[in-house]
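Protein chains in written order, with the numbering used here: chain A, 1 to 363; chain B, 1 to 221.
Heads up, some of the hints might be wrong.
What the hints assert, rightly or not - Negatives, chain B to chain A, calculated, CB over 12 Å:
{"no.": "1", "residue": "53"}
{"no.": "2", "residue": "111"}
{"no.": "3", "residue": "132"}
Stated by the list, open to error - Simulated pairs of lysine-lysine, BS3-like, Cα-Cα distance not exceeding 30 Å:
{"no.": "4", "chain 1": "A", "residue 1": "350", "chain 2": "B", "residue 2": "41"}
{"no.": "5", "chain 1": "A", "residue 1": "342", "chain 2": "B", "residue 2": "141"}
{"no.": "6", "chain 1": "A", "residue 1": "110", "chain 2": "A", "residue 2": "23"}
Hints were generated in silico from the structure; no laboratory data involved. Every residue, glycine too, gets a C-beta built ideally from N, C-alpha and C.
Residues per chain are reported as follows:
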Amino acid sequence: MSSGKTLGEVLRDQGVSRRGFLKFCTAMASMMALPPGSVAAVAAALEKARRPSVIWLSFQECTGCTESLTRSHTPTLEGLILGQVSLDYHHTLQAASGTAAEHARMQAMKENHGKYLVVVDGSLPLGNPGYSTIAGISNVEMLKETVEGAAAVIAVGSCAAFGGIPMAQPNPTGAVSVSQIVKDRPVVNVPGCPPIPVVITGVLAHFLTFGGLPELDELGRPLAFYGDTIHDRCYRRPFYDQGLFAESFDDEGARKGWCLFKVGCKGPVTHNACATTKWNDGTSFPIESGHGCLGCSEPNFWDAGSFYKPLSAPTGTINQVAAGAALGGVAAGAAVAWHNRKIRGEARAKHEPVTLDDLEKSS
Amino acid sequence: MNGGSMDFLLWVRGTGFNIAMVVLIVGVLVRLIEILALGRKADLAPRRSDGKGSGWRTIFTRSIPPPGMLKASPVTYIAGYIFHLGLFIVVFLFVPHILLIKDLLGISWPGLPSALVDAVTVITLITMVAVLANRLTDPVKRFLSGFEDYLVWALTALPLLTGYLAFNHLTPDYTFMLALHILSVQLLLVALPFTKLMHAITFVLARWYTGDIFGRKGVAS
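Construct all of the structure, not just a fragment, from the sequences and the given hints.
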């Protein structure tokens, strides 16, 4: 449960050095695109901040978002749970189960009314409530009940933010995003499949530092992390500009690290921080590992055609449509030609040659 | 979830693209069949000269200005050349465009460096502005111009402009500009069969026809 201690006190209790703490603050300020001078302000705010209670709800998801969070390095997952936040409810990570777990959720909601954060991963089925239930409660019901006293809601992952894979056509469960259900609380979307762990923790750090939510784009994503496209920050960008492209995943160009646009990279239209924060403690990101960007932090990426089709190609296959159009065109052309010939035939039939008498009459 | 720009992009890459292709294919076929079905009156006169091949030759020779015309209408010819060549380079030698053709037809060829295509786009756009200015200032051309001429100009200039803005990230929302670029091309394709833009296809037929007739009459160019 959320203790009365400030974050600074908790960290000192855990033996976190001042140097370590400031390093974390610097990293956070940098990620949030704040000027260097603001590190002290971030540190001062975080020092005094009280750990917020966090209730993490998992609905129609694959646990990839939680898997991502467990790879968080700034801060580590242990640091996050024990230090920065009080993670009071999380299926995968909590020790309690059954009635005790639900009791913990209720208690956290009651004790921190109006102040706790709700983190959601997974989309919500609007079809049969039985598609996804927790403790006999439907996902939509649990979300509505939990956000009622929340300060804000963080929709983690593309499923929670935009509907995600469960929403892919034909959307059998009637999946919707969190923001389609929650209208009376601020919702931050942290999309990605999965989202970058430091982005998740960065949003939490922003909440702790400023007591509010970061500036968002038109899709509700924090601008600090989703302001640029992958293409804007990609280290392979110079090759795109020079027109040097890998034609396949194992050719000469691929080995030389050329641009992956031709093999379907969606980097130019994908807003995320992969190219700058990278993954696994800054090791690399998909493009650095030789695979094009899937566009996983953008709405409807799951229905945007093949991952391996270039961005300039149509999303579907046009062969059947084109064949139908060609047949229709030939038929329509034949009909028009027949009509024209008919008109010409009629005109010829009606045509009366002008005789000399006619000309004399008219003169 | 309303994805705004991304939804727009997915629409133009999906449904919008299909609609444009259907209209283009049906429209072009109707127009071509309509023209070809008109037929030709039998030429009862004997051939005046050995004009065989005159039709085929004329397809190319008509691309060269007749003597004196370059001096008489420099803007029409020079700007016309630059604009048509530029358009060809931008449409057929820009890598993302080649990839689109490869996806549709399975054929491809090497492209030019993006920076070069970018420069050609600017030159083509400037030339198009010159062509428009000439049309507006020349009293004869102005008199002969109608709504369709200006519409066709706009439909041709828009893809160049939106493509340039998108490629160079000159607007805050690249996704939206890319979608707008694709949409502008689709408008061009939809209008092609029903406007003067149809000359992109019929110029071959028309020149062959003219050349062949002239050949028969002994005045082959």
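Here is how each hint holds up against the structure:
no.	hint	verdict
1	53	holds, 29 Å
2	111	violated, 6 Å
3	132	holds, 28 Å
4	350(A) with 41(B)	holds, 20 Å
5	342(A) with 141(B)	violated, 37 Å
6	110(A) with 23(A)	violated, 35 Å
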